[in-house]
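Residue-level listing of the chains:
There are 2 protein chains.
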Amino acid sequence: MTTISEPGTAGLAATASAPAPLDSATDDGSCCVPSGTPAMSADRAEALSRQFKAIADPNRLRLVSLISASAANEACVCDLTEPLDLGQPTVSHHLKILVDAGILHREKRGVWAYYSLVPGALNSLAGVLTEAR
Amino acid sequence: MTTISEPGTAGLAATASAPAPLDSATDDGSCCVPSGTPAMSADRAEALSRQFKAIADPNRLRLVSLISASAANEACVCDLTEPLDLGQPTVSHHLKILVDAGILHREKRGVWAYYSLVPGALNSLAGVLTEAR
DNA sequence: GACAGATATCGATGGATGTCAATGCGCAGG
DNA sequence: CCTGCGCATTGACATCCATCGATATCTGTC
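Sequence lines, in order, name chains A and B. As numbered in my numbering, residues 1 to 133 make up the first sequence, in order. As numbered in my numbering, residues 1 to 133 make up the second sequence, in order.
Simulated from the structure, these hints should not be mistaken for lab results. All figures in this text were calculated on a predicted structure; none of them were measured in a lab. There's no promise every hint is true.
Every beta carbon over 12 Å from chain B, so not counted as near; a handful from chain A, in silico [as the list claims (entries may be wrong)]: (1) R60; (2) L61; (3) R62; (4) A69; (5) D85; (6) G87; (7) T90; (8) H93; (9) T130.
Below are the SDA-like pairs computed for lysine to any residue, each with C-alpha atoms no more than 25 Å apart in a straight line [what the hints assert, rightly or not]: (10) K53/A to G110/A; (11) K53/A to A113/B; (12) K53/B to S92/A; (13) K96/B to D57/A; (14) K53/B to L84/A; (15) K53/B to A113/B; (16) K53/A to E107/A; (17) K53/A to G102/B; (18) K53/A to V111/B; (19) K96/B to E46/A.
Heads up, the beta-carbon is just placed ideally off N, CA and C, and yes, glycines get one too.
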């Protein structure tokens, strides 16, 4: 499981709002101030990267879109192969990546496998981008 | 330029809320309902993928974090090489990718190049994930 | 104008990734 | 039990990508 991010940690975004009158280019030869705040750890960056990589593929983006746009917010593989114009193994591969990233949930009912969105996953990822604004 | 997404189009997310009593596995032999809503186009998926790929790298995530956590919301290359433990050409390469994706803004002042967040970029990307909820 | 420092670009290389064909596995029906 | 169907897994292949060393470009200085 990928823990689906954990709000409250160092994130990104500040959406442009420079309070300091940019005193950059100090006279001591340095170009700008060291940093100030701790920013994001390498571990957290690695974990978030795994989730962002999962949706950073056009076909996987469409998969998630198809599922979320589906009637019962779920879909089986057979309904996803045609609109993406991909082979069944490839779709299954992409779905596995999304499941491993904690974005999709897989439930097998009889012969079919139904994929649905994990409730807070995408919102949590979106929170990382808007965090600390 | 990458257009920075355009809210109002088909996005993702629905955050789990199955109103229909999942009448799946219809008796006609099909597994589930065809789809219902148009979902996301291939073109839009490709465009969004470019932006998500840009931040789907641990080092680039840290770069954005470092810049947004910086004092004046901007930083030059020399301040970004150490915390990432990467060579200067590599950092410059990552920054170029973020600029090309429309996430960072580059401004050269004298000898130094200052990178800052493009105001609405991350929020726009986040909106894609929470859209249509 | 020559020089030094900061940054960008180029070429090469090892590793990650998307795609497919072939195959295996589990479930339902006869 | 055997067959058909939906899906997952494997192996192979081509491509992309992150990283580095070397080098080019630009800017301010002496």
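Consistency of the hints with the structure:
Its beta-carbon lying about 8 Å from the closest one in chain B, R60/A breaks the requirement of being farther than 12 Å from that chain. Non-interface call for L61/A relative to chain B: violated, since the shortest CB-CB distance, roughly 4 Å, does not exceed 12 Å. Its beta-carbon lying about 5 Å from the closest one in chain B, R62/A breaks the requirement of being farther than 12 Å from that chain. Look at A69/A: its CB is around 4 Å from the nearest CB on chain B, not clear of 12 Å, so calling it non-interface is violated.
A beta-carbon of chain B comes within 12 Å of the beta-carbon of D85/A; the shortest separation is about 9 Å. Even its closest Cβ contact with chain B, about 16 Å, leaves G87/A beyond 12 Å, as expected for a residue assigned away from the interface. For T90/A, the non-interface assignment is confirmed: its Cβ lies about 15 Å from the closest Cβ of chain B, beyond the 12 Å cut-off. At roughly 17 Å, the least C-beta separation between H93/A and chain B is larger than 12 Å, which holds for a residue marked as non-interface.
Not every beta carbon of chain B lies more than 12 Å from that of T130/A, the smallest distance being close to 5 Å; the non-interface claim is violated. Only pairs whose Cα atoms come within 25 Å are accepted, and K53/A paired with G110/A is rejected, the gap being roughly 31 Å. Our distance criterion of 25 Å between C-alpha atoms is broken by K53/A and A113/B, whose separation comes to about 28 Å. With a CA separation close to 21 Å, the supplied pair K53/B and S92/A stays within the 25 Å bound.
For the proposed pair K96/B and D57/A, the alpha carbon gap of about 20 Å is at most 25 Å, so the pair holds. Taking the CA atoms of K53/B and L84/A, the gap is near 19 Å; set against the 25 Å cutoff, the hint holds. Taking the CA atoms of K53/B and A113/B, the gap is about 23 Å. The hint holds against a cut of 25 Å. About 23 Å separates the Cα atoms of K53/A and E107/A, which keeps this hinted pair within 25 Å; it holds.
Distance hint between K53/A and G102/B is fulfilled; the C-alpha atoms sit about 18 Å from each other, no more than 25 Å. With a C-alpha separation of about 35 Å, the suggested pairing of K53/A with V111/B is violated against the 25 Å cut-off. For the hint linking K96/B to E46/A, the alpha-carbon distance of about 20 Å falls within 25 Å, and the restraint holds.
In this structure, the hints that do not hold are numbers 1, 2, 3, 4, 5, 9, 10, 11, 18, in rising order.
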